[in-house]
Amino acid sequence: MPPSCWFLIFVSAWWLPLMLVAAAEEEQVGGCFGSAKRCGNITISHPFWLANMGAERSCGNSDFEVTCFNGTTPALRSSVPSGPGFAIIDISYEERTIRVIDLGKLELLHTYNSCQVPFWNTSIKLGRPFRIDPVNLNLILYYCTEEAGTAAARQDQALVELRCSDKRNTFVRVGGRYNGSEKYEG
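Residue numbers (mature numbering (1 follows the signal peptide of the UniProt record, and there is no 0)): -24 to -1, 1 to 162.
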């Protein structure tokens, strides 16, 4: 047999066990990265992974852990301890984008009998691998006295009063583009 054939046999014998070990390790983790999974109408695949409450081990980086609520709502956790996190609206793996809603703010704005103003910035709740796209606009909420609110609304035509059943003076306006600083343009 020519030496090149022996070389191929040797390489094949060497690589086959390595490939089998890699496949066994993936299977041991439960096939975390092997196939896409669904939560509601969102497909969850690498680098994201669905948390399995019964499993003892995680399937990847905790920043990409997705929890599926009621089998319909995928959510990323907040970087703020015990924060409600972000509901995932859309993931585009091709464009490397994810659209989310801050669940804490959504809950405050949907409360039927009040008009509570969120008091924290959503950007501080994002984990390190994520960032807000600068094409997004800041949404600024104000809570003030009736006189100050009326004066501000007269001065700033973009300021809109929110009608709250508890008669609080809450106003909202769109700010400038998001720039990652604590200064709000516009």
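No lab work stands behind these hints, which were simulated from the structure alone.
Glycine included, every Cβ here is placed at the ideal spot set by N, Cα and C.
Careful, some of the hints might be misleading.
[To be verified] Listed next, with one range per pair, are the computed distances between beta-carbon atoms:
| no. | residue 1 | residue 2 | range |
| --- | --- | --- | --- |
| 1 | Asn37 | Ile108 | 31 to 37 Å |
| 2 | Glu123 | Ala12 | 53 to 59 Å |
| 3 | Ala127 | Ile65 | 14 to 20 Å |
| 4 | Gly16 | Glu71 | 17 to 23 Å |
| 5 | Pro23 | Leu82 | 23 to 29 Å |
| 6 | Pro23 | Phe45 | 42 to 48 Å |
| 7 | Ser68 | Ala127 | 21 to 27 Å |
| 8 | Asn37 | Ala124 | 41 to 47 Å |
Would you say the C-beta atoms of Ala127 and Ile65 sit inside 14 to 20 Å of each other?
violated (37 Å)
Does the hinted range 23 to 29 Å hold for Pro23 and Leu82 at CB?
Since Pro23 and Leu82 have Cβ atoms about 25 Å apart, the given range 23 to 29 Å holds.
Assuming the hint says 53 to 59 Å, is it satisfied by the Cβ distance from Glu123 to Ala12 or not?
At 56 Å between Cβs, range holds.
I want to verify a distance hint. Is the separation of the beta carbons of Ser68 and Ala127 within 21 to 27 Å?
The hinted range 21 to 27 Å is violated for Ser68 and Ala127, with Cβ atoms some 44 Å apart.
Starting from the hint 42 to 48 Å, judge whether the C-beta atoms of Pro23 and Phe45 obey it.
violated (21 Å)
Tell me if the beta carbons of Gly16 and Glu71 are separated by a distance inside 17 to 23 Å.
holds (20 Å)
The hint says 41 to 47 Å between Asn37 and Ala124; measuring C-beta to C-beta, is that right?
holds (46 Å)
Between the beta carbons of Asn37 and Ile108, is the distance compatible with 31 to 37 Å?
Taking Cβ atoms as reference, Asn37 and Ile108 lie about 20 Å apart, which means the hint is violated.
Going through the hint list in order, the structure does not satisfy hints 1, 3, 6, 7.
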